[in-house]
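Given the sequences, and given the hints that come with them, work out the whole structure.
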Amino acid sequence: MIQKMAGHINNPLRKRNVIIPRYIAYGIILVIILGMSAHLIVFGTDWKRMSSINEVFETLFSFFPNLKFIPEIAGPLFETTLMAFWGTLLAVILSIPISYLAATTTTPSMLITFPLGRAFIVLSRSTHEIIFALIFVVALGLGPLPGILALACRSVGFMSKTTAEAIEACNQGAIEAIKSTGARKLVQFFFAVVPQVFPIFLGNAIFQFDINIRRAAILGMVGAGGIGLHFSEQMKAYNYDNAGACVFAVVILVILGEVISNRIRTKLIAG
Amino acid sequence: MTNAINTNYQSFKFNQRIRRIIKFGIILGLITFGYWTIIFLDIPIKRMLDMFGPLATMLAERVFPPDLEYASSWKVFISVIETVEMSILGAFYGTLITIPLAWCAAWNITPSREILYPLSRSIIVLCRSLPTLMLGLLLVSLFVFGPFAGILALAIGTIGFAGKLMAEQCEAIDMGPVDAISATGASPLKIFIYAVLPQVKSEWTGIIIYNWDARLRGSTILGFVGAGGIGLHLRHQISILEYHATLGIICIIVILVLFSETLSHFCRKWAR
Chain A
1 MIQKMAGHIN NPLRKRNVII PRYIAYGIIL VIILGMSAHL IVFGTDWKRM SSINEVFETL
61 FSFFPNLKFI PEIAGPLFET TLMAFWGTLL AVILSIPISY LAATTTTPSM LITFPLGRAF
121 IVLSRSTHEI IFALIFVVAL GLGPLPGILA LACRSVGFMS KTTAEAIEAC NQGAIEAIKS
181 TGARKLVQFF FAVVPQVFPI FLGNAIFQFD INIRRAAILG MVGAGGIGLH FSEQMKAYNY
241 DNAGACVFAV VILVILGEVI SNRIRTKLIA G
Chain B
1 MTNAINTNYQ SFKFNQRIRR IIKFGIILGL ITFGYWTIIF LDIPIKRMLD MFGPLATMLA
61 ERVFPPDLEY ASSWKVFISV IETVEMSILG AFYGTLITIP LAWCAAWNIT PSREILYPLS
121 RSIIVLCRSL PTLMLGLLLV SLFVFGPFAG ILALAIGTIG FAGKLMAEQC EAIDMGPVDA
181 ISATGASPLK IFIYAVLPQV KSEWTGIIIY NWDARLRGST ILGFVGAGGI GLHLRHQISI
241 LEYHATLGII CIIVILVLFS ETLSHFCRKW AR
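Here the protein sequences come in this chain order: A and B.
In this text, residue positions in the first sequence follow the working numbering: the first is 1, and each later residue adds one.
In this text, residue positions in the second sequence follow the working numbering: the first is 1, and each later residue adds one.
To be clear, the hints were calculated from the coordinates, so they are not data collected in a lab.
A virtual CB, placed ideally from N, CA and C, is assigned to each residue, including glycine.
Do not rely on the hints blindly, as some may be mistaken.
[To be verified] Away from chain B, derived, C-beta distances all over 12 Å, residues of chain A:
| id | residue |
| --- | --- |
| 1 | 71 |
| 2 | 94 |
| 3 | 109 |
| 4 | 112 |
| 5 | 113 |
| 6 | 182 |
| 7 | 186 |
| 8 | 195 |
| 9 | 199 |
| 10 | 201 |
[Claimed, not checked] Chain B regions said to be covered by chain A (calculated; three or more residues, Cβ under 8 Å):
| id | region |
| --- | --- |
| 11 | 48 to 54 |
| 12 | 121 to 129 |
| 13 | 133 to 139 |
| 14 | 255 to 261 |
[Unchecked claim] Short, incomplete list of chain A residues facing chain B, as computed with Cβ under 8 Å:
| id | residue |
| --- | --- |
| 15 | 36 |
| 16 | 37 |
| 17 | 41 |
| 18 | 44 |
| 19 | 50 |
| 20 | 52 |
| 21 | 59 |
| 22 | 61 |
| 23 | 67 |
| 24 | 130 |
| 25 | 145 |
| 26 | 221 |
| 27 | 235 |
| 28 | 255 |
Structure representation (structure tokens):
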């Protein structure tokens with residue numbers, strides 16, 4: 001008993017002037033979160049329109065996937081995968097010049113091209129793919145093409161950012177060696193930087209393909225092709241079992257993509 | 001002797017030629033596949049190449065400049081506040097569920113490797129693979145129109161996103177303190193609190209802040225399916241073809257996300 005008390009007294013984190021401000025901070029955070037919950041969940045949601053708990057469960061069970069619908073959506077599923085593939089490919093191609101501009105070690109001018117490259121990255125990373133898809137659907141009409149372009153615009157930011165970071169972190173000795181032969185800046189980039197960065201770049205591209213499958217699945221909800229179009233149609237028609245089948249198929253596709261991309265990436269890293 | 005060297009060299013040459021033919025075949029196959037996918041997806045290449053002129057004029061005439069008067073109106077401001085609140089609540093409640101799940105889903109410290117480990121792993125994988133927007137639409141039809149469905153969707157997204165990262169952090173800890181505390185006969189919960197939590201606390205704080213940042217990105221668009229937040233106004237303005245106001249809302253979303261990204265960056269630096 002005495003030892004237990006002594007432990008409490010000697011612990012500097014248990015002193016009164018430490019512990020009281022900390023509990024006050026926790027209390028303030030808790031009050032803020034409870035206030036937000038009261039604002040949004042208690043008053044912000046229209047509870048009168050919510051059905052009883054039995055009806056909620058009935059709706060939940062009506063989402064049980066109708067497996068007969070899956071052969072019908074095999075085509076759109078394949079289309080979704082292809083959209084992700086082409087979007088990733090375009091992003092990979094676009095990210096090479098942008099990462100060249102946005103890396104501090106290779107950019108031609110810190111005043112003009114570096115902020116330009118960073119601005120591209122920030123704009124692409126902070127805009128949701130749905131917004132890009134909306135813009136391209138308005139410009140190009142329905143179909144998978146606006147989806148591919150939206151995916152490319154969305155994933156070019158991540159690809160360029162990681163590649164620029166890899167370029168900045170790569171071994172400067174190789175660059176100096178090539179520089180000492182009198183090579184131009186572009187030649188230095190291709191023969192000293194690219195071989196060092198390439199494995200990281202390839203791994204990120206595969207990772208991005210995995211994420212893009214997930215993104216491509218919802219793009220159809222604004223008319224940009226793929227499985228999302230069928231999903232939102234079935235939801236609008238209240239065919240909940242068919243919509244459940246769409247969700248089930250997307251889950252299987254995403255898990256499959258994740259497993260395969262993980263396999264390939266571990267193989268790449270291992271050599 | 002020379003004969004053997006010759007045959008060796010010849011077989012090497014032959015192998016090299018076969019390898020080259022295989023490589024060529026793979027590249028040819030990929031190009032054919034790419035061409036076939038363009039036909040399969042029915043992509044109008046010509047329209048894509050002609051797109052840039054009309055896209056530029058459309059952006060210049062109908063979309064630009066953004067309608068800042070609408071974007072700074074009281075209605076939009078309220079929905080921005082709602083979006084931020086949704087992201088905080090979704091991340092908070094999601095994290096509350098994620099902490100025990102991450103504990104069970106880490107192979108080295110899980111309380112039961114037979115039942116809880118596969119169960120929590122499969123929950124995390126399932127939550128990871130559901131796209132947030134689809135989930136939002138499902139939950140809106142299941143519950144009510146409004147922020148409650150959005151918060152639930154964000155919480156499920158949190159389980160998938162943060163659960164995996166947190167479990168990975170748990171698997172990377174030093175097992176010495178765990179062995180020391182379990183040697184005193186402590187229960188699994190006590191081992192978790194006194195041996196695991198102090199080791200992963202700073203990493204988990206970083207993950208939680210990063211997760212909030214990612215949820216804010218998701219919550220800006222959830223209103224699109226009626227699950228609360230600024231996406232509802234976005235959808236409304238698009239459906240009545242008011243592209244100036246749409247661009248105003250997009251500007252607000254971009255500013256919001258940039259702000260949250262900077263904030264989370266500094267918070268993560270401060271927490272470390």
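Exercise. Broken hints, numbered, in rising order?
Worked result: Hints 20, 22 and 23 are the ones this structure does not satisfy, whereas the remaining hints hold.
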